[in-house]
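The residues making up each chain are set out below.
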Amino acid sequence: MTSAERLRADGHPIGEVYLGRDEIAARVAELGRELSDAYAGRMPVLVAPLKSSAVFLADLSRAFGVDHELDVIELAPYGSGRTGGGVRLLKDLDRPLAGRDVLLVEDVVDTGLTLGFLTRCFAERGPASLAAVTLLDRPYRRLVDEIPLRHVGFTVPDELFAGYGLGLDERWRALPDLHVVVADELPAAIDAA
Amino acid sequence: MRETPTETVRFQAYRGSEPPRFVNGAERECARILDWYGIPWEYEPRSFVLERDAQGRVTSAFTPDFYLPEQDLYIEVTVMKQSLVTRKNRKLREVRRLYPDVKVKLFYRRDIERLAQRYRLRIAS
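Chains as they are written, first to last, in this note's numbering: chain P, 1 to 193; chain W, 1001 to 1125.
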């Protein structure tokens, strides 16, 4: 029995495999080649927000044929902290970005709000270039268009996903394939009275 | 029925002059998400006239819920089931026909629920 089957048997809302590990690996290898061409002769720094991007970052880094640095940031989750607070960095970068070629590594881009925030934040630090790569792009609800999204792994439908680093409420990140989450079985999100 | 504007003081990115009075929880959640990311927003700042009678009186208009000035984008939030939004979709088509330079996005109940699920359950966006 696979880990997904075990979770399903225990009542977790893990649906079918949307992208298998082999398909993901093949696309990540292609992205690595794309990026190697784009950054030939340079020494970029890959910056990923924790935690959902961690698995993608690890695989992409090894598929990237150009020497590069890695750094991670952590954003305050939505709704956390004191009343009236907004998005902010809980963990900032370890090194300055001035004059560097920066590649933001995202797991999913949806509204573009997070990537838009990071773009504004890092653009102020004077990088030589600023671009982004995402494993999954869900462009249907895009609110912020001024984002430097240059490389996309997969354009995906409007579903919730888990696995390959993506989780909900810290669960299911370790599933090796990307699964659809059965959203109807999740708690109600809003009072839509 | 509109909500009383008790939350106004908490909205940092709100750019309107009058306190917003949301009609439902989906609008309120949308405002919270925009505010969290520091995206300036206004609430119902403009009505688009769609039809007038022979005397020039407005007989049909459309007032999107949100306007994002930095994106020059209007957002209409509806909590109706997707199958029941035909009338709203028709109005939206009219806005696009009469005001071709205006960008409007319709967020259905499902969209807001998904966004709220993602953000509350800490899925990256």
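Hints listed in this document are in silico derivations from the structure and should not be mistaken for laboratory results.
Careful, some of the hints might be misleading.
Computed list of lysine to aspartate or glutamate pairs in EDC-like fashion (alpha-carbon distance at most 16 Å, straight line) [stated by the list, open to error]:
no.: 1; chain 1: W; residue 1: Lys1103; chain 2: P; residue 2: Glu170
no.: 2; chain 1: W; residue 1: Lys1105; chain 2: P; residue 2: Asp145
no.: 3; chain 1: W; residue 1: Lys1103; chain 2: W; residue 2: Asp1072
no.: 4; chain 1: W; residue 1: Lys1103; chain 2: P; residue 2: Asp71
no.: 5; chain 1: W; residue 1: Lys1103; chain 2: W; residue 2: Asp1053
no.: 6; chain 1: W; residue 1: Lys1105; chain 2: W; residue 2: Glu1018
no.: 7; chain 1: P; residue 1: Lys51; chain 2: P; residue 2: Glu170
no.: 8; chain 1: W; residue 1: Lys1105; chain 2: W; residue 2: Glu1076
no.: 9; chain 1: P; residue 1: Lys51; chain 2: P; residue 2: Asp22
From the structure, some residues in chain P lie toward chain W, with a derived Cβ separation under 10 Å [stated by the list, open to error]:
no.: 10; residue: Glu34
no.: 11; residue: Ser36
no.: 12; residue: Tyr39
no.: 13; residue: Asp110
no.: 14; residue: Tyr140
Note that CB positions come from ideal geometry on N, CA and C, so glycine has one too.
Hints and how they fare:
For the proposed pair Lys1103 of chain W and Glu170 of chain P, the alpha carbon gap of about 36 Å is over 16 Å, so the pair is violated. Note on Lys1105 of chain W and Asp145 of chain P: the hinted pairing holds, with a Cα-Cα distance of about 13 Å set against a maximum of 16 Å. The suggested pairing of Lys1103 of chain W with Asp1072 of chain W holds, with an alpha-carbon distance near 7 Å, which does not exceed 16 Å. At roughly 37 Å between alpha-carbon atoms, Lys1103 of chain W and Asp71 of chain P are farther apart than 16 Å, so this suggested pair is violated.
Between Lys1103 of chain W and Asp1053 of chain W, the direct Cα distance comes to roughly 26 Å. Violation of the 16 Å bound is thereby established for this hinted pair. For a cut-off of 16 Å, the pair hint linking Lys1105 of chain W to Glu1018 of chain W is broken: about 23 Å separates their Cα positions. Restraint check for Lys51 of chain P and Glu170 of chain P: satisfied, since their Cα atoms lie roughly 9 Å apart, inside the 16 Å limit. Only pairs whose Cα atoms come within 16 Å are accepted, and Lys1105 of chain W paired with Glu1076 of chain W is accepted, the gap being roughly 6 Å.
Note on Lys51 of chain P and Asp22 of chain P: the hinted pairing is violated, with a Cα-Cα distance of about 22 Å set against a maximum of 16 Å. Among the interface hints, the one on Glu34 of chain P is violated; its C-beta lies about 22 Å from the nearest C-beta in chain W, farther than the 10 Å criterion. Violation of the interface hint for Ser36 of chain P is found here, the shortest Cβ-Cβ separation to chain W being roughly 25 Å, above the 10 Å cut-off. A distance limit of 10 Å between C-beta atoms decides the matter here; for Tyr39 of chain P the minimum to chain W is near 24 Å, and the interface restraint is violated.
Among the interface hints, the one on Asp110 of chain P holds; its C-beta lies about 5 Å from the nearest C-beta in chain W, closer than the 10 Å criterion. Below 10 Å, beta-carbon pairs count as interface contacts, and Tyr140 of chain P has one with chain W at about 8 Å; its hint therefore holds.
Consistency note: the structure conflicts with the earlier hints numbered 1, 4, 5, 6, 9, 10, 11 and 12.
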